[in-house]
Amino acid sequence: MEEENKVTLHGTWFSPYAKRVELALKLKGIPFEYVEEDLKNKSPLLLKYNPVYKKVPVLVHNGKPIAESFCIIEYIDETWKNSPQLLPEDPYKRAKVRFWSSFIHQQLYEAMLTVMKAAGEAQGKAIKELLEKLQVLEEGMKDFFPNGTPSISNRNMGILEIMICSLLGPYKLQEEVIGIKIIGPEKTPLIFSWLTAINELPLVKELAPPQDKTVALLKFVRENALKSSSA
Amino acid sequence: MEEVKLLGTWASPFSYRVLWALKHKAIKYEYVEEDIFNKSELLLRCNPIHKKIPVLIHGGKPIAESIVILEYIEEIWPENPLLPQDPYERTMARFWIKFGEDKGPIFFNFFHTVGEEQVKATEEAKELLKIIEEYGLGEKEFFGGDKIGLTDIVYGWIACWLDAFAEAAGVKLLEADSFPQLQAWADRFKEVPLIKDNLPNHDKMLTYFKSRREKIIASATS
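If you're matching them up, the sequences are chains A and B in order. Following my numbering, the numbering of the first sequence begins with 1 at its first residue and continues without gaps. Following my numbering, the numbering of the second sequence begins with 1 at its first residue and continues without gaps.
Since the hints were made in silico from the structure, they are not lab data. Mixed in with the good hints, there may be bad ones.
Part of the chain B face toward chain A, derived, beta carbon under 8 Å [said to hold, decoys possible]: (1) K61; (2) V68; (3) Y88; (4) Y135.
Cross-link-like lysine to aspartate or glutamate pairs, in silico, DMTMM-like; alpha carbons within 20 Å at most [as the list claims (entries may be wrong)]: (5) K130/B / E101/B; (6) K61/B / E139/A; (7) K55/A / E139/B; (8) K61/B / E78/A; (9) K98/B / D77/A; (10) K54/A / E133/B; (11) K6/A / D86/B; (12) K51/B / E138/A; (13) K48/A / E89/B; (14) K51/B / E139/A; (15) K51/B / E132/A; (16) K61/B / D90/A; (17) K98/B / E78/A; (18) K48/A / E139/B.
Glycine is no exception: its CB is placed at the ideal position from the N, C-alpha and C atoms.
Isolated chain B, as found in the complex (with noise of 0.2 Å):
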């Protein structure tokens, strides 16, 4: 099998996905840590029109943005599959994919603003978890039925990363009593054991991400 390397950073919901996704088909890979402040000559040239992560490099091959790796692990290792069989239903896992990333950018808003700015980007995130309940997840026990499937992995980072963001951006998002089914969801995918095994330290996290929130106060009240 050729070589498959994976480029990330261990605190990135993006870099997990590919990660999981790996682990889920027992793809031999090589992680590569990669420092944001101190990007590599590797993912540089990997990945020079975004210069980000996750990059995927197969046999020397570099594919970047997380989901079109996901689209391209599913589609050379067909074995243990993440996306339905069904066209339509398929289509539909795409959708709500195609979703989260359309609305990513609005939703950590909350993140990146300050006073009303805050309060607003934090109503707006809350109306996304709302649809993403309402009309992704509905009745089901995970998004892709009675296993995790690609909208799963996906969507991970509402279950093991949101509350360490809003945390040290001192909101409150995915309360059980607003976002029931969803949080029921986050439990149950939480005990994933690939998940579960697979999680970057949350305290590690919380104090990482409360000193990036810092910087942002910083340069809004400068």
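For reference, chain A alone in the conformation it holds in the complex (with noise of 0.2 Å):
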């Protein structure tokens, strides 16, 4: 490929940050060359791409770099304006879109993580905020699918849709490793049923890693977690 107009994607198969970019580019049609990062061993590249975070995913596009997953994915739709439309036209869709978006990125995903990484006392806790957040959003989401059944295809996947489906698409195999059910349809049937609609899709089938590499790395992350905390 010339290096105009070039696309590369730099991520790791465990990322959802980088999964997020994935789908972006995907769904928009975009070709990309992609390049598996090895964490414990950064390339020299990453580092000269990153050099704030010097995390995945980085986006590098006519030989610029770029960092951060939601920036890059409004990068993409500012750039590629083929449909899908990842953020609304709309000013105000768009700001209720950002304010969701930073809700699941920041509030959901902590919340999640504290979860999978305590146990006892502490874990009933943290599971109790995240339930509390999952209403927040079930009530949340109600203003974007007013209908109560989300129906998702290529054509309409969102931002929204690419940050919740980085999180919890997998929910089934986090619910396996942490014990608990957190989506279901009696509790968050909206949830449920978005990202039911979602994971059915074909392009997320295809970009979801194998569920026993996923079950084994979430079991690592908890027991890694677990050790440490009780050291």
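Assembly of the complex is requested from the two constituent chains, each provided in isolation within its own frame, with the hints serving as guidance.
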């Protein structure tokens, strides 16, 4: 591929942030080269492209690097204006999407990580907090899906779908590892049907890493965290 | 034009970000001072999830979270733009804005901690300042280039609030010899008429932060 218009994504197979960008690129049909990074042995190129965070994902377009998944996705949406449009046109709707993206990225993500890394009483407390935040999201999403059953396709996937998919797409596997159900048609009907619709898309299935690999990684993260907290 | 209302507080840098953006674009608005210890019904109704200021209400529609509000203002009122036109430059501005938001809580740890923890938190804050100075600002006059942009507005707290916070907490952070470029930027930023004419009273701020710091120390040592 020529340097002009060349797109490269530096990521790792397990990074939900890299997954977001991959999804965005594939949804828009943007050809790109993927580079798998080894985070224990970061390439000089990664460190050069992202000296601030030294993390994945990094998108390189026309030789210029961009880091931070939400920033990358906004850049993709503004540079490749073909459908699907990842952020809405209307400024007020955009503001709502930004607000909820931030909520999913900061609050939900952190709550989930805390549950993953805790046990006993601490986990009980963390689960309660996660479930409360899921309820807040459930209420908030009624604004986006007033008819109650989201119908998601490659043509209307947007940044909110990308955010929720990267965090909770593998919720069944996460539930397996933490031993508690967090998403379901009784407690979170809207989020449940939203995730089901998203997970059914061939593109999403194609990009999901192998289930056994994901479960092994989640178990590793959990065991590691429990070991160091009891050390 | 539809009515614009800003719910804020006099000492909050987040409040001022929105105020500066509105004034920069000469947007008429009504300012409502909130009491964070006695939040109004309006605030709780407009921001039920975080219950925080600032909140912008435009034609009756509420928007919360200062960065979300700033992007909204930029989109609705594109005159006197605060973000670059070029998509890559715009993305870089957003990257630094996000960096500030991500690291914000870590940054202010020095104010909320005592003893050993405070020493560590102060060092971490200095490391962040170094990154912002070296990679964010670089050799530029302002984060936005030769005039202020959204990134400058979002980092306004470094220029106008950090001193008072640090003094109240008994630490030194933005020292001119350690951060020459950032200090120079802070001095330039404070001289911009829009900013100079719209700042909280420094002494009032210091008194307020000192009283908050006393409460933090009291609960840490009780």
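Hints, one by one, checked against the model:
no.	hint	verdict
1	K61	holds (6 Å)
2	V68	holds (5 Å)
3	Y88	holds (6 Å)
4	Y135	holds (5 Å)
5	K130/B / E101/B	holds (16 Å)
6	K61/B / E139/A	holds (18 Å)
7	K55/A / E139/B	violated (25 Å)
8	K61/B / E78/A	violated (26 Å)
9	K98/B / D77/A	holds (18 Å)
10	K54/A / E133/B	holds (17 Å)
11	K6/A / D86/B	holds (18 Å)
12	K51/B / E138/A	holds (18 Å)
13	K48/A / E89/B	holds (18 Å)
14	K51/B / E139/A	holds (16 Å)
15	K51/B / E132/A	holds (16 Å)
16	K61/B / D90/A	holds (13 Å)
17	K98/B / E78/A	holds (18 Å)
18	K48/A / E139/B	holds (19 Å)
Checked against the numbered hints above, the structure breaks hints 7 and 8 and satisfies the rest.
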